[in-house]
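Undergrad: For the record, the sequence lines run as chains A and B. Okay, so the first sequence: first residue is 25 according to this note's numbering, each after it adds one. Okay, so the second sequence: first residue is 25 according to this note's numbering, each after it adds one.
Derived from the structure by calculation, the hints contain no laboratory data. A few of these clues could be false.
Chain copies aren't distinguished; within one or between two, either way the pair holds.
In the DSSO-like style, the derived pairs of lysine-lysine whose C-alpha atoms are separated by at most 30 Å in a straight line are [what the hints assert, rightly or not]:
no., residue 1, residue 2
1, K177, K214
2, K214, K174
3, K181, K225
4, K214, K120
5, K225, K152
Number of protein chains: 2
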Amino acid sequence: MTERGLLIVFSWPSGVGKDTVLRAFMPRCANCALSISTTTRLIRRDETDGVAYNFVSREAFESMIAAGELLEYAEFAGNYYGTPASWVEEKLNEGKNVILEIELRGAARVRELRPEALFVFLMPPSLKILEERLRRRGTEDEAEIKRRLKIAKEEIKLGESYDFVIVNEDIERTCGLLAAVVSAAPCHVKYGRDALREVLKDA
Amino acid sequence: MTERGLLIVFSWPSGVGKDTVLRAFMPRCANCALSISTTTRLIRRDETDGVAYNFVSREAFESMIAAGELLEYAEFAGNYYGTPASWVEEKLNEGKNVILEIELRGAARVRELRPEALFVFLMPPSLKILEERLRRRGTEDEAEIKRRLKIAKEEIKLGESYDFVIVNEDIERTCGLLAAVVSAAPCHVKYGRDALREVLKDA
Chain A
25 MTERGLLIVF
35 SWPSGVGKDT
45 VLRAFMPRCA
55 NCALSISTTT
65 RLIRRDETDG
75 VAYNFVSREA
85 FESMIAAGEL
95 LEYAEFAGNY
105 YGTPASWVEE
115 KLNEGKNVIL
125 EIELRGAARV
135 RELRPEALFV
145 FLMPPSLKIL
155 EERLRRRGTE
165 DEAEIKRRLK
175 IAKEEIKLGE
185 SYDFVIVNED
195 IERTCGLLAA
205 VVSAAPCHVK
215 YGRDALREVL
225 KDA
Chain B
25 MTERGLLIVF
35 SWPSGVGKDT
45 VLRAFMPRCA
55 NCALSISTTT
65 RLIRRDETDG
75 VAYNFVSREA
85 FESMIAAGEL
95 LEYAEFAGNY
105 YGTPASWVEE
115 KLNEGKNVIL
125 EIELRGAARV
135 RELRPEALFV
145 FLMPPSLKIL
155 EERLRRRGTE
165 DEAEIKRRLK
175 IAKEEIKLGE
185 SYDFVIVNED
195 IERTCGLLAA
205 VVSAAPCHVK
215 YGRDALREVL
225 KDA
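Model the full structure from these sequences, guided by the hints.
TA: Here you go:
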């Protein structure tokens, strides 16, 4: 029997450099599967359906909600984003660790439904650096940068409720720490508790 | 400035194979220092003072207790065993991760004094295997084996209060998991919390 994989939730405040981290980390993460969100937003010219997202119609998404087929979902700027529970289950049963990359509200929802998941929070070394990154990106105007920073501050406060907190100082260090967290995950007390009960069963 | 090391407490029920694990693990654990207990028990013929233990007189030990120089101490079979706080501090300040190998009562005491330490519990795959190991060792008689098993059951129940629980199935796997735990330790939320507060300070 294949040992069931672990569900690992990664969250990060906006602007922390998540995409760069995931691009560097995922190829090194043996036995991990990155979950693909389903969304109703329009597909961009440079995107392929089924790679970063599965694109569906609003009607299809709402019927998934109604059928309870989503592990979590949220609406942003008029578009739905969600994680199909069946895909997650399938991968876990194949023995893969499923990396669920979701924003903090979605993560809070997963914490309710799957308290056994492991929660990893990635954060910027400082708010100043976060601000610089947002400015360097140049895709947001001043008001939007201010708004994002305000949200980031609120989000960082929620980091305490995660199991692991990684300060994203440089990509190599962050990838090393993520790899260590994934390797150590099976003996986190969340899982260890089951092992303890199993041993005491024959007491 | 050297980054301060982490205090990592390892405990295990009697008979789990701790010495074998430590002998295999410590040479691979870069930047770790195994704490050396101070004891009042008599030195055995094959022991060297300052290697596995520092041997001191009962008077010297009791004056260390009185001066508050011990991080934890306990008395077993008429002998004192304890961990000098100054040695631990010194190594942590040098940036070394200090591995404190102590039984469960001592660990509980360290948890009170140093809640920021990380607690790792090593346990046998099953009570049956633990019993076999005790018998194979051949150093305890039947009554002592029964007594040890009873204690082990009680001790395993305490495993839930640890941060990590490792099932000692085979030495290579255990060493790999211990290494992952030590590597992931700096981003455990116990430490991450400080990083979060640090970032929010300039908010």
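Undergrad: With 30 Å as the alpha-carbon cut-off, assign the pair K177 and K214 to within, between, both or neither.
TA: Close inside one copy (28 Å) and across copies (20 Å); limit 30 Å.
Undergrad: Give the relationship of K214 and K120 under a CA distance limit of 30 Å: within one copy only, between copies only, both, or neither.
TA: both (18 Å within a copy, 27 Å between copies)
Undergrad: Treating 30 Å as the Cα threshold, decide for K225 and K152: within, between, both or neither.
TA: between (52 Å within a copy, 11 Å between copies)
Undergrad: Using 30 Å as the alpha carbon limit, work out where K214 and K174 are close: within a copy, between copies, both or neither.
TA: Intra 32 Å, inter 25 Å, cutoff 30 Å: inter-copy only.
Undergrad: Is the C-alpha distance from K181 to K225 at most 30 Å within one copy, between copies, in both cases, or in neither?
TA: between (40 Å within a copy, 11 Å between copies)
Violated hints are absent here; each numbered hint is respected by the structure.
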